[in-house]
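Protein sequence lines, in the order shown, are assigned to chains A and B. 463 is the number that full-length UniProt numbering gives to position 463 of the first sequence; each next residue is one higher, with no gaps. 106 is the number that full-length UniProt numbering gives to position 106 of the second sequence; each next residue is one higher, with no gaps.
Derived from the structure by calculation, the hints contain no laboratory data. Even glycine gets a Cβ: it sits at the ideal position worked out from N, Cα and C. The reader is advised that the hints may include incorrect statements.
Unchecked claim - Computed from the model, here is a short list of chain A residues facing chain B with C-beta under 8 Å:
hint	residue
1	Glu182
2	Leu284
3	Pro363
4	Trp445
5	Gly449
6	Ala453
7	Val504
Claimed, not checked - Reference excerpt, derived from the structure (chain A facing chain B, CB under 7 Å, subset only):
hint	residue
8	Leu43
9	Leu287
10	Gln397
11	Ile410
12	Pro496
13	Ala501
Listed below are the residues making up each chain.
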Amino acid sequence: MGGFPILSVMLLVPLLAGVACLFVEAKAARTIALAATLIDLALGVVLWLNFDIGGPQWQFTERAPLFAGFSYALGIDGIALLLIVLSVFLMPICILASHSIEKRVGEYMAAFLFMEVLMIGVFAAQDLLLFYIFFEAGLIPMYLIIGIWGGQNRIYAAYKFFLYTLLGSVLMLIAMLWMVNEAGTTDIPTLMQYDFPVGAQTWLWLAFFASFAVKMPMWPVHTWLPDAHVQAPTAGSVILAGVLLKMGGYGFIRFSLPMFPEASAQFVWLIWGLSMAAVVITSLIALVQQDMKKLIAYSSVAHMAIVTVGLFAFNVQGLEGAMIVMLSHGLVSGALFLCVGVIYDRLHTREIDRYGGLAINMPKYALFFLLFTMASIGLPGTSGFVGEFLSLAGIYQANTWVTLVCATGIILGAGYMLYLYWRIAFGVQRNADAAAMPDLSLREWLMLGPIAAAVLWMGVYPESFLAPMRQDIAALDARLSRAAPEGDAHLVAGTPRAEAANAVEGTHDAAHGEAEGAH
Amino acid sequence: MQSILLIVFLPLLAAVVAGLGNRALGNTVAKSLTTGALFISCALSWPIFLGFLNGTAEAHVVPVLLWVQSGTLSFDWALRVDTLTAVMLVVITSVSALVHLYSWGYMDEDPDQPRFFAYLSLFTFAMLMLVTADNLVQMFFGWEGVGLASYLLIGFWFKKPSANKAAIKAFVVNRVGDLGFMLGIFGTFLVFQTTSIPEILAAAPGMSGSSVGFLGMRLQTMDVLCILLFIGAMGKSAQLGLHTWLPDAMEGPTPVSALIHAATMVTAGVFMVCRLSPMFETAPVALGMVTFIGAATCFFAATIGTTQWDIKRVIAYSTCSQLGYMFFAAGVGAYGAAMFHLFTHAFFKALLFLGAGSVIHAMHHEQDMRYYGALRKHIPFTFWAMMAGTLAITGVGVYWLHAGFAGFHSKDAILEVAFARGTELGTFAFWMGAIAALLTSFYSWRLMFLTFWGKPRWAASEHIQHAVHHGHDEPEEHNPPAQEDAGDEAVHHVPSPEHGDGTAGYHPHESPLTMLVPLGLLTLGAIFAGWVFSHAFLDDPAFWGDSIFYNEALIHQMHAVPLWVKLTATIVMLLGLFGAWLAYIRDTSIPGKFVEQFSLLHNFVYRKWYFDELYDLIFVKPAFWFGRQFWKRGDVGLIDRFGPDGAAWVVAKGSVAAKKMQSGYLYSYALVMLLGLVAAVTWVLM
């Protein structure tokens, strides 16, 4: 890229646009926001195309020392690249989905644009403190989006969201300060190679875990998510599910695993146990929900549990699978929330029973919804399958019990998603107002179409997404190998059986002779 | 030899165009497109099959695209063509093309035809991907793809609650099997470090003495893997325990039942076991399970078939039962015989379903055989087609001439080979199969006699009443009233006295040509498929090549079984026919008396051995109960109460005490932050 600071530009564009939005009227704010996010998307595509697969681990690096060893350092590897691309891909769609917002549009758009800055910042930061700032500041715009533009119970939801996430991050900050003190640097790539004393790793890992587990969210610190989703406006839900939840997974893959491999191995049963509980419990809870957004929120918790087991499988398939689940879930749950938004805009209720038979009056909507439902339950050919399959293939090599329990998610997931789809799209048209809703508008097509294409692309040819991170995952896998727990399924060789199970007695000729005799 | 690409992807293309174009495209264009694509696929498939039949074709793989590469785990999109695939190709494309054509007539009045045809073609694509898979993951793709199409087609009339329930049930129960399949793939990858089928099959014998860990146990590698994969096969092929979705799947339109739930999709499990036969041959315990489950299913499903009243459900249980035959044939090592029965069964079972569809069409959507009768003269073409199907499924033929209808060749071979295998399980399977053959003959003829013989009993049917009173011309009711659980006889009216002849003045009409042509062609299959292909499928190792494990010695023993074994199938077939004749023609009071006499037994069988009730009790209800408990008591009652709400309460109490000093949100954050710090420091100091 010849020294062009593309990452800084990607931060700057939404930042300036966001400031501008604060001072203009509604219509102009919408246009500015859409333009800025589209520019960032274009820059994201440039970033992806210019990313040198197989090149140096950290690319597009920028560094400006500030004070006390703390510097403005940006740079990405393949993992960060994919998550940045996901973020900039979802942002213009979110702006389009905010059509129905009429209150304080300028501030709303600004909040989203600042959100975008912080999201890109989290994934691009190469300095520990810079990361922390982006990571924690991301709470504020989301807090405001839920608290100001949310539903009726928005204050409670915003409060719960803030309380949970803040509690974890305090511990993480303390751990970070200790690490900087110990290693003498705030540079993340250096820290990723630094071998912290095994004893210290334990509590460092727990401090980071407190933050990431909440962000993920892992059971049992997930209860902020359903409320936040239910109260957030549609675009807020999309960003929350699409990108913010990925910060937890990104945290594990960037910090917990490479920096504290021994502690990660030590706490593997904590992660596995909570993930297994999450898959079963939240899937069952999703089965009995009456509120569309709550149902999808609970399904998110179950999907994120597949991410955590994949990450803590300590092998390439698990790690890559976890990454693909994150990307896929970002697209699919985002799309599902958009699907909810489409009909919420028409009928202003999230209650499942108020709908029904939409396949009759909204066939195109029903088709998109079906595709995303299938992607959510991991149908092969969609992105959901590739991630789930690789994650579970990874964890199988580590532990078969965990695999079995987590794989029940594919049964339960099919149950609650198809049950939802039946009540929304199939069945009779119970309510006249729901039956009169028009099919997708052009704007809604533009929101759902690109995501559908991406979901199928990732399902049929995931190589586009696996290739950029292959080298980084391999490096991480190599670093983890010294701590990886031994799997319970490993093969023990034995003496092969001499003949096939259904070999019948008598030689070939004898049998033939008998047959001749009998005739 | 790139025609395979066209064969597989033309149906996909047609499905996408018809599905996306939908109403904008119009019925005729959508129908022509999909049907045309299938006929082209079919026309291209037969030369491949004939090539393998006369030995000129060779197995090969056509690569398409890299799919996934993750560490050492890597698999591609690729199309494998060998004998086994070729057999499936002709079965799938032929039946699918005929079903497409048949649907022109059957679905003629439906307002949603493009969607229907798009689903049918989508299904065909997925099924073709399944049978051309060169690795286990692509097979799984097809596996789940057909599951999706099956879900969509069972629920095609999506206004009916029963159709939705059946569709979800089919998908979810199949997912239970798929869970096994997936674990099997993971285990296979762990052991062989590949998912490529040829590589696995080549390496399997070398692994037969090894052990792997599974759920804390240490078990024989190959047995574990094969049993896991077989659980997948049980789900898809509706074997005992995972069979409950298949009868309910009859909620779908009848052409769907013929294509998916008789001829093709449900046989995927058998195909999988045959495809992996060299692998299964290294796993005696797994093969024992295959034999046992197959034998048990063929008997169990046949018993239920004798008591059902819904014409489609009888055929559905019959399918379940016939799949059992195929499995135990595979279990005893006669994969050629299993595939042969799969092949013949596809034709005669599709014929029976389409014939039943023609009857249902003629009887204005009435499916209950209690309201049929005497249809022989009204719909003669359908009658003769069904007759050919019945002769084929019951296995009519003459041993000494080596000639008979399709089922005669394939089913008899399975019974003989099970006996010839000589093991206890083989003998068990033989007897189960023999009893099931008797029951098959009984329920098949019962179906024929109730439908085509006797006196008309149409007057009592709601559907017929509806047709007579409202005339034929009004728009068809496309979501016929939910077929209540067959036990609810109350939903049907008592015959009205004014029509003494029982016809209620209704005139059944023969189906249009688009429906009769497929029936005619399938009739040819039901008559000749066994006789023409018997030698190649059963006795010709050169035909199969390396595509399946061919046990030549066993086949020789099969031909050497005693005469009474060879005649068993024919004898029980005649007994079944006689029984059905006695009970449904000679003295029609016998069934009623029997039910009265053995009401306990009858109820048990009629209620389908109470599987649905049992599963509802131990799986479905608890799932919802636990869901509510985890939600209301867990998340709300426990986590929120002592978590965030509790913290809020503490903060609120605290702030009341310090109200004069400060107020506002910031304060609570600071307090929380402080608490966190204290906790962290305490922890470190400990």
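Results of checking the hints against the structure:
1. Glu182: Not OK, violated: Glu182/A not within 8 Å of chain B, min 13 Å.
2. Leu284: Holds, about 4 Å.
3. Pro363: holds (7 Å)
4. Trp445: violated (12 Å)
5. Gly449: At 12 Å from the nearest chain B Cβ, Gly449/A fails the 8 Å test, so the hint is violated.
6. Ala453: violated (13 Å)
7. Val504: Nearest chain B Cβ about 5 Å off; hint holds.
8. Leu43: violated (28 Å)
9. Leu287: Cβ of Leu287/A sits 4 Å from chain B, so the hint holds.
10. Gln397: holds (6 Å)
11. Ile410: Where the cut-off is 7 Å and the nearest Cβ of chain B is about 6 Å from Ile410/A, the hint holds.
12. Pro496: This interface hint holds because 5 Å falls under the 7 Å limit.
13. Ala501: Holds, about 4 Å.
Comparing the model with each earlier hint shows violations of hints 1, 4, 5, 6, 8; every other hint is respected.
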